[in-house]
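Residue numbers (our numbering), protein chains in the order written: chain R, -2 to 322; chain D, 4 to 331.
If you're looking for bench data, these hints aren't it; they were derived computationally from the structure.
Predicted model, so just to flag it, every value in this text is computed and none were measured.
Ideal placement from N, C-alpha and C gives every residue a C-beta, glycine not left out.
All clues given are correct.
Not close to chain D: a few residues of chain R, all C-beta gaps over 10 Å, as computed:
(1) Thr12
(2) Thr44
(3) Leu54
(4) Tyr75
(5) Ser76
(6) Lys87
(7) Ser121
(8) Asp140
(9) Arg282
(10) Pro297
(11) Glu299
Negatives, chain D to chain R, calculated, CB over 12 Å:
(12) Glu72
(13) His87
(14) Ala330
Which residues of chain R face chain D? A few of them, derived with a C-beta cut under 8 Å, are:
(15) Glu38
(16) Ala217
(17) Glu235
(18) Gly252
(19) Ser264
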Amino acid sequence: MAMLEVKDLHLYYRTSRGPVKAVDGVSFNLEAGETLALVGESGCGKTSTASAVIRMLPRNVHRYDGSVTFDGNNIMSYSNEKFRQDVRWKGVSIVFQGAMNSLSPVLRVGYQVTEPLTVHSNMSREEARDFAREALKRVRLPDYIADRYPHELSGGMKQRVVIAMALVVNPKIVILDEPTSALDVMTQANIINLLKRLRRDAGLSYIFITHDLALASELADHVAIMYAGKIVEIGPSEDIFRDSKHPYAQRLLSGVPLLRGTQAPQSIPGAPPDLIHPPPGCRFRPRCPFAWEKCEKEPPLEWGSRKAACWLLGEGEARLGGIAA
Amino acid sequence: MKEDHDVVLRLENLQVWFEVGAHLIRASSHVRAVDGVTLTIRRGETCAIVGESGCGKTTLGRTILRLLEPTGGRILYDGRDITHLGEKDLRWLRRKAQMIPQDPYSSLNPGYTIQRILEEPLAIHGVGDAAERSDLVLKALEEVKLEPPTQFARKYPHMLSGGQRQRVAVARATILKPELVVADEPVSMLDASVRISILQLLKELQEKHGIAFVYITHDLATAKYFSDRIAIMYAGHLAETAPVDSLMREPLHPYTNALMEALPDPDPDNRFRERLAIPGEPPSLVSPPSGCSFHPRCPIARAGWCDLETPELRELRPSHHVACHLAE
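Let the sequences and hints guide you as you build the complete structure.
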């Protein structure tokens, strides 16, 4: 059984114009020790999916349902208090996007790293201190950093601190929401290397949220491509990066500027749809060069061994051949 | 020096130091943001300046436009020395050289309509009458593919997406038909998929109007596809300058090499190996290391040489310059 099983997850936000369908029937599994990358453009619902899994919701929730099974337990049925005590941080922790800029400027870094322990493990400050030093060591920060304030650290060091905060309670799953997007190339490479080592040493599972496919390939065992609130293709990294089936996934890949290739990157014409009134049927249809009548009906995700929500995978392969020729 | 009509801008040993920490009892020190940069920009070409944050690339971009005054060296625009000209004598330059800023969320006045934002540079430089200006605004919007233009002209910045805002910033920078545009990280705040379309737009405008671009970025991969030449900057110095092909084929500076190694391409095998990443952080620009500023992080630095002598840019391949003692 998978460590985390998400089935038909929905998260809609209430707005004055109507509900925003940010997460609209998302399903995926995450095995122990494995990394799933959630990839898509901004506004596609990848961060909302993470918020829904870890139940950190804003006030304007319109709809929140689906099934989330963590370690065999249906955590959607948990009360908020039970969820906070048993799941959030202890089971599934998160490195928020831009978290390094949310460190309190007036508290020493070591103190801030103990916070998850005192909140989620009811540990005393004194006990927590040793754990915090240990966590800082795991992210390869020297001891004295615990006594520093955030403004004394570089961006890469601050990012290590927030990763330490996510690890200090020994979670099984860590959600990484764009963990390196504000960092320089070299610092980014160092952080990714660190994440690889932590995964190897502690058997962590990651849900890695990013809009950068090249970066996704640094960690992902599986990749889920999201578009307009839905997963349009999901599968092992090899399938997605070498032989993606969904036209959106293909276009996203051909938009990546390759440092070691020669193929010039292509842009995707058009913009993602409004999630208040998404187009019926396939949501990529208005931007898809292969769209035909059938696409007005929503395509299924599963086609034999491949999962890509596109009619081209059925009768369409022949059709695709026709267009290519 | 020989006149070269192809050259739109020339920087000679440019130096921009900022005074910091002046104190009653302590002498001031300097942040050497740009420290001896020599660079030539030709008409209609794109020169990328690539480096990590804090390497001085933004200061260099702002000084090129004379938004900052250099503390040393010379800036020649069209052969004319503009190093220390006052704002009054720079009005002609303001029309010929423009800037596209990084953040499309803070660079457009939220209280102005797109129409007014684009009309402002025309009004300031006294181009046409009101009707002609309106016409130019619509044309500019069409050129950056914000269509239908009449509809976009009436909107306010908050009604546009990040990509659309950046298109407005591009229209504003090109509406006066400039010869030179400094684009400071024009796409780093945008989604990967939108980035390419904005860069393609810049390329299109360049081909149409012969604009020279200085593309400031930390992203070597986009620089590869959207520039003719690349200058790698580290700690206020140029480490390497070369035509794109030459640099990609044979990076000569160890820092350029490290940048390339650190940057992944999409490849499912990446997850099985660690990236080669040099440790450490770029040095402080207040007290930069002696000798080659890269030597404390350099995997091949030689003691007694790299830490003592500052390397000069040397042309080791045609038009390919590198500032490294050990490159050959």
